[in-house]
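Peer 1: Those protein sequences? They're chains X and B, same order as listed. Here the first sequence stands for residues 55 to 627, where the numbers follow my numbering. Here the second sequence stands for residues 19 to 309, where the numbers follow my numbering.
These are calculated hints, taken from the structure and not from any lab test. A portion of the hints provided could be inaccurate.
Said to hold, decoys possible - Away from chain B, derived, C-beta distances all over 12 Å, residues of chain X:
| no. | residue |
| --- | --- |
| 1 | 56 |
| 2 | 79 |
| 3 | 135 |
| 4 | 225 |
| 5 | 451 |
| 6 | 544 |
| 7 | 595 |
| 8 | 626 |
What the hints assert, rightly or not - Derived DSSO-like pairs (lysine-lysine); straight-line CA-CA distance at most 30 Å:
| no. | chain 1 | residue 1 | chain 2 | residue 2 |
| --- | --- | --- | --- | --- |
| 9 | B | 115 | X | 421 |
| 10 | X | 58 | B | 294 |
| 11 | B | 234 | B | 159 |
| 12 | B | 159 | X | 58 |
Unchecked claim - To list a few chain B residues with every Cβ distance to chain X over 12 Å, as calculated:
| no. | residue |
| --- | --- |
| 13 | 57 |
| 14 | 157 |
| 15 | 247 |
| 16 | 262 |
Glycine included, each C-beta is placed from N, C-alpha and C at the ideal position.
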Amino acid sequence: MDLKTRGEPPSADELAAVDAVLGAAPDRDLHDVTGGHSLRNRRHLLLPALHAVNDRVGWISQRAIDYIAERLDASPAEIYGVASFYALFSLTERPAHQVHVCVDLACRANGGPAEGDLPAGAHASPCLGACERAPAAFVIDAGATPSQAVAGHVTAVQVRQWSDGDGPDPEAAPAAAVPQAGDRSLVLLARVGRGDPLDLDGYIADGGFRALAKARELGPVGVIAAVDASGLTGRGGAAFPTGRKWEAVRSQPATPHYLVCNADESEPGTFKDRVLIENDPYALIEAMTIAALATDCAYGYIYLRGEYPRAFATLLHALTTSRDRGLLGGETGFDIAVVKGAGAYICGEETAIFNSIEGYRGEPRNKPPFPFEVGLFGQPTVVNNVETLINIPSIVLDGRPANRRLFCLSGAVKVPGVYETELGLTLGELIELAGGLRDGSELQAVLLGGAAGGFAGPADLDLVLDQDSTRAAGLTLGSGVVMVHDQSVDLIDQLTRIAAFFRDESCGQCVPCRVGTVRQEEAIERLAAGASTGDLDLLRDIGQAMKDASICGLGQTAHNAIETAIVRLGVFS
Amino acid sequence: MSRSTTPSHDAESTVTLSIDGTDVSVPEGTTLLDACGGKGCGIPTLCYGDTITPKNACRVCMVEVEGSRVLVPSCSRQAEQGMVVRTRSQRVDHARKMVLEFLGSSVDLSLTDHITEWNAEYGADPGRYGADAQTVAQPVKIDNDLYVRDYAKCILCYQCVDACGEQWQNSFVIDIAGRGFAAHVSTENDVPLPDSACVYCGNCIQVCPTGALMFKTEHDMREAGSWQPDHQTTTDTICAFCGVGCNLTLHVQDNTIVKVSSPPDSPITHGNLCIKGRFGFQHAQNRPDET
Ligand SMILES: Cc1cc2nc3c(=O)[nH]c(=O)nc-3n(C[C@H](O)[C@H](O)[C@H](O)COP(=O)(O)O)c2cc1C
Ligand code: SF4
Ligand code: SF4
Ligand code: SF4
Ligand code: FES
Numbered sequence: 055m056d057l058k059t060r061g062e063p064p065s066a067d068e069l070a071a072v073d074a075v076l077g078a079a080p081d082r083d084l085h086d087v088t089g090g091h092s093l094r095n096r097r098h099l100l101l102p103a104l105h106a107v108n109d110r111v112g113w114i115s116q117r118a119i120d121y122i123a124e125r126l127d128a129s130p131a132e133i134y135g136v137a138s139f140y141a142l143f144s145l146t147e148r149p150a151h152q153v154h155v156c157v158d159l160a161c162r163a164n165g166g167p168a169e170g171d172l173p174a175g176a177h178a179s180p181c182l183g184a185c186e187r188a189p190a191a192f193v194i195d196a197g198a199t200p201s202q203a204v205a206g207h208v209t210a211v212q213v214r215q216w217s218d219g220d221g222p223d224p225e226a227a228p229a230a231a232v233p234q235a236g237d238r239s240l241v242l243l244a245r246v247g248r249g250d251p252l253d254l255d256g257y258i259a260d261g262g263f264r265a266l267a268k269a270r271e272l273g274p275v276g277v278i279a280a281v282d283a284s285g286l287t288g289r290g291g292a293a294f295p296t297g298r299k300w301e302a303v304r305s306q307p308a309t310p311h312y313l314v315c316n317a318d319e320s321e322p323g324t325f326k327d328r329v330l331i332e333n334d335p336y337a338l339i340e341a342m343t344i345a346a347l348a349t350d351c352a353y354g355y356i357y358l359r360g361e362y363p364r365a366f367a368t369l370l371h372a373l374t375t376s377r378d379r380g381l382l383g384g385e386t387g388f389d390i391a392v393v394k395g396a397g398a399y400i401c402g403e404e405t406a407i408f409n410s411i412e413g414y415r416g417e418p419r420n421k422p423p424f425p426f427e428v429g430l431f432g433q434p435t436v437v438n439n440v441e442t443l444i445n446i447p448s449i450v451l452d453g454r455p456a457n458r459r460l461f462c463l464s465g466a467v468k469v470p471g472v473y474e475t476e477l478g479l480t481l482g483e484l485i486e487l488a489g490g491l492r493d494g495s496e497l498q499a500v501l502l503g504g505a506a507g508g509f510a511g512p513a514d515l516d517l518v519l520d521q522d523s524t525r526a527a528g529l530t531l532g533s534g535v536v537m538v539h540d541q542s543v544d545l546i547d548q549l550t551r552i553a554a555f556f557r558d559e560s561c562g563q564c565v566p567c568r569v570g571t572v573r574q575e576e577a578i579e580r581l582a583a584g585a586s587t588g589d590l591d592l593l594r595d596i597g598q599a600m601k602d603a604s605i606c607g608l609g610q611t612a613h614n615a616i617e618t619a620i621v622r623l624g625v626f627s
Numbered sequence: 019m020s021r022s023t024t025p026s027h028d029a030e031s032t033v034t035l036s037i038d039g040t041d042v043s044v045p046e047g048t049t050l051l052d053a054c055g056g057k058g059c060g061i062p063t064l065c066y067g068d069t070i071t072p073k074n075a076c077r078v079c080m081v082e083v084e085g086s087r088v089l090v091p092s093c094s095r096q097a098e099q100g101m102v103v104r105t106r107s108q109r110v111d112h113a114r115k116m117v118l119e120f121l122g123s124s125v126d127l128s129l130t131d132h133i134t135e136w137n138a139e140y141g142a143d144p145g146r147y148g149a150d151a152q153t154v155a156q157p158v159k160i161d162n163d164l165y166v167r168d169y170a171k172c173i174l175c176y177q178c179v180d181a182c183g184e185q186w187q188n189s190f191v192i193d194i195a196g197r198g199f200a201a202h203v204s205t206e207n208d209v210p211l212p213d214s215a216c217v218y219c220g221n222c223i224q225v226c227p228t229g230a231l232m233f234k235t236e237h238d239m240r241e242a243g244s245w246q247p248d249h250q251t252t253t254d255t256i257c258a259f260c261g262v263g264c265n266l267t268l269h270v271q272d273n274t275i276v277k278v279s280s281p282p283d284s285p286i287t288h289g290n291l292c293i294k295g296r297f298g299f300q301h302a303q304n305r306p307d308e309t
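Hey, can you work out the whole structure from these sequences and the hints?
Peer 2: Below you can see the structure in the form of structure tokens.
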């Protein structure tokens with residue numbers, strides 16, 4: 055490759071940021087290779103290097119791109135292509151102080167701003183995964199010691215103040231997002247509020263790492279048999295049987311195998327994975343260690359969405375203390391790294407996540423080949439959602455059936471938050487569990503499963519919230535979103551936002567989604583303005599093509615919610 | 019990295035599949051498109067080129083495979099034993115029509131082959147999205163003397179990126195930047211080509227299916243209204259600059275070379291050249307009376 059840069063050195067800050075990730079540049083030979091786990095090159099350090107510069111300076115200049123290019127022996131065009139993929143990075147100069155205000159579904163339903171209502175200096179953000187505190191904002195101060203803070207129940211006045219330079223107060227304790235905290239019947243959320251999530255001794259005293267010991271006794275085949283017998287299916291949205299996935303990876307002859315914990319959590323209305331990580335990080339580490347044992351993985355990644363600063367700090371602490379205690383790394387034969395996303399919903403797709411970790415644009419890959427054969431770094435890979443993994447320790451320990459699920463309740467309920475229930479509850483019962491509707495609220499609609507899910511109506515309160523019943527009703531549990539809208543919510547505005555969300559988040563790779571999401575948004579906007587009904591037919595045509603011909607699940611589901619709103623709720627008729 | 023996987027064509031075993039009701043046996047690793055007869059067999063293709071492993075990004079070649087929830091791209095999906103494939107159905111035709119409409123309503127396809135014919139065949143009406151439909155219209159980039167980039171014609175087939183990068187040239191001068199509808203082919207920070215690492219091999223021009231990448235000679239003649247493909251002849255020859263022996267196709271109009279391509283099926287070049295072969299033709303027509 056003919057590496058050509060402009061020869062302008064990076065600024066002192068840019069240099070320090072990049073070198074903190076890649077090490078100081080060797081005197082002459084820039085094409086150095088370090089060991090690390092058996093990777094051929096260091097391209098996987100590109101995303102961390104871009105984060106480092108963005109965190110330190112607030113944006114990524116051409117000089118910084120050129121320096122990273124030299125250090126990684128990759129072309130500046132490729133690095134520019136990667137950097138420009140992510141919404142949290144800016145390639146043009148901007149202030150170190152940034153306010154990202156959520157303009158997504160739960161927040162705008164709760165009185166938050168729309169894109170056009172933001173004061174100068176504030177950026178519009180897709181769902182920040184803080185819907186239990188809607189409306190939410192994310193405030194960043196770049197610098198040598200960057201700070202990032204999430205704030206809930208944000209007022210217009212605060213947005214203006216923060217845009218002028220202030221920042222929010224510290225967040226409430228992580229357990230505040232779990233109204234059931236302390237309930238003895240909880241399994242997945244059992245430890246929430248019971249002790250300090252950052253205390254490894256407390257975790258061990260509370261039964262931590264006993265499941266791992268049991269897993270060692272059972273061995274890989276025994277663990278997989280237990281997971282299989284539990285009936286556990288993926289909680290990331292696609293509901294694939296976890297035991298089958300693990301067995302497929304375990305039996306692959308190619309080595310090494312990789313484990314990826316999908317904590318990208320960007321489906322609008324979803325915040326359970328953040329709550330799990332912030333409240334019970336060691337359980338995730340234990341679960342991943344068991345998964346690695348069962349599937350013969352020597353290395354695991356947690357791909358965490360970039361807008362989760364507290365979850366990130368919590369994980370780093372939990373990983374370090376586990377390593378110090380000899381529970382991870384070294385002789386255990388298994389280690390975990392955290393990779394931060396940078397604002398791209400698509401990177402939660404299980405193959406886009408590989409490209410993102412590897413330092414390429416987060417575009418989904420073709421399937422086949424499937425991840426269990428050709429995944430991260432081309433190796434057999436298990437990808438599991440955080441909640442899926444959190445199920446593992448208790449399944450291994452108690453042989454319990456996997457009949458519990460987390461739901462993310464937001465919107466017009468009295469007590470929004472993450473709820474754990476046994477499967478079999480009806481939608482109405484779940485809403486009651488969250489305190490019922492707010493006083494004066496009448497149910498208008500419930501978004502189930504997020505923007506990629508669908509709308510249920512007041513007639514669906516008896517719908518049993520399990521996979522079979524929701525599927526039979528043409529709906530999905532997806533990632534467990536239950537967003538409750540009362541009469542005050544403008545559903546057409548919600549649909550407009552859903553269309554904008556998919557248009558924003560499409561990776562742009564395939565025509566049906568890249569152009570289809572734009573044409574869908576245009577048709578919705580015309581319909582919202584009361585224009586022709588021919589647009590309903592057009593929407594159906596667009597939706598069918600996206601569903602049938604898109605490469606990945608983003609395009610394939612980008613019409614679902616809109617279709618259910620039109621067909622089940624009669625919006626636009 | 020795993021941008022693409024090259025199917026192995028070591029035809030040790032064959033697979034038998036049903037295509038539109040007829041059993042067909044092909045070597046393992048054959049794509050469905052090839053099993054159907056390859057490019058030109060009647061299945062439309064846009065991002066599929068002669069020399070590049072397709073990105074299967076355009077989705078115009080979709081076919082129905084029994085048991086698959088979604089349609090599959092015939093240009094890339096490999097034939098499997100017992101597959102039941104339908105190359106035409108209501109769903110297939112709808113997907114093709116919509117891809118043609120999506121592209122036709124957002125991109126200038128005036129120089130893309132077969133578009134009029136396919137629009138008619140699938141009943142595509144790009145006009146039905148209205149005058150306000152967003153497009154990728156933008157000015158032509160003219161920043162060097164050899165070729166121009168008219169991204170208003172770009173369908174994002176990824177072929178130029180792959181030709182410049184890992185599949186052929188290994189220069190990585192251009193990549194896709196941005197995302198969604200704003201995704202576009204770009205140098206770093208959109209710097210002009212002379213400031214990039216471009217070596218002007220023109221291999222990107224060779225693979226571009228839409229005329230978005232074009233010889234400056236062709237661009238200028240089109241602007242002047244003097245580009246006349248019907249009055250052009252082609253002559254295959256061998257590049258005289260070095261000993262590799264790259265095959266050239268000279269495109270000649272009015273006794274003047276107007277552009278150079280390379281036969282994609284040449285075992286030496288696979289359609290690729292270097293700057294000398296691609297653009298170094300002027301000396302061949304410096305006629306005595308002009309020097
Ligand atoms: C556009 C898109 C975004 C996704 N985002 C996530 C995500 O944020 N977290 C997640 O666990 N799964 C996500 N998924 C699903 C993953 O592709 C994959 O199915 C899942 O991580 C597998 O883990 P599981 O079997 O434990 O659910 C997404 C899928 C698509 C198509
Ligand atoms: S469906 Fe959308 S997100 Fe998925 S690959 Fe295609 S363009 Fe990208
Ligand atoms: S002319 Fe060659 S080097 Fe330049 S962009 Fe095209 S393929 Fe790359
Ligand atoms: S410029 Fe041409 S070759 Fe490159 S992506 Fe666009 S259409 Fe394809
Ligand atoms: S030709 Fe197959 S997807 Fe483009």
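Peer 1: A separate judgement is required for each hint: does it hold in the structure or not?
Peer 2: The hints, checked one at a time:
Non-interface status of residue 56 of chain X relative to chain B is broken: a Cβ of that chain comes within 12 Å, the nearest being about 5 Å off. The Cβ of residue 79 of chain X lies farther than 12 Å from every Cβ of chain B, with a closest approach of about 20 Å, so its non-interface assignment holds. Residue placement check: residue 135 of chain X does not keep its beta carbon more than 12 Å from all beta carbons of chain B (closest about 3 Å). At roughly 30 Å, the least C-beta separation between residue 225 of chain X and chain B is larger than 12 Å, which holds for a residue marked as non-interface.
For residue 451 of chain X, the shortest C-beta to C-beta distance to chain B comes to about 36 Å, beyond the 12 Å cut-off, and the non-interface label holds. Here residue 544 of chain X stays apart from chain B, with its beta-carbon at least about 23 Å from theirs, past the 12 Å limit. Distance check on residue 595 of chain X: its Cβ comes as close as 6 Å (rounded) to a Cβ of chain B, failing to clear the 12 Å threshold; non-interface status is violated. A cut-off of 12 Å between C-beta atoms confirms that residue 626 of chain X is not in contact with chain B; the least separation is 18 Å.
Proposed proximity of residue 115 of chain B and residue 421 of chain X is supported: the alpha carbons are some 24 Å apart, at most 30 Å. Under the criterion of a C-alpha separation no larger than 30 Å, the hint pairing residue 58 of chain X with residue 294 of chain B is consistent with the structure, at around 21 Å. At roughly 11 Å between alpha-carbon atoms, residue 234 of chain B and residue 159 of chain B fall within 30 Å of each other, so this suggested pair holds. A threshold of 30 Å between alpha carbons decides the hint, and for residue 159 of chain B with residue 58 of chain X the separation of about 21 Å falls inside it, so the pair holds.
For residue 57 of chain B, the shortest C-beta to C-beta distance to chain X comes to about 18 Å, beyond the 12 Å cut-off, and the non-interface label holds. Even its closest Cβ contact with chain X, about 20 Å, leaves residue 157 of chain B beyond 12 Å, as expected for a residue assigned away from the interface. The claim that residue 247 of chain B lies off the interface holds: its Cβ sits roughly 27 Å from the closest Cβ of chain X, which is beyond the 12 Å cut-off. Non-interface status of residue 262 of chain B relative to chain X is upheld: no Cβ of that chain comes within 12 Å, the nearest being about 19 Å off.
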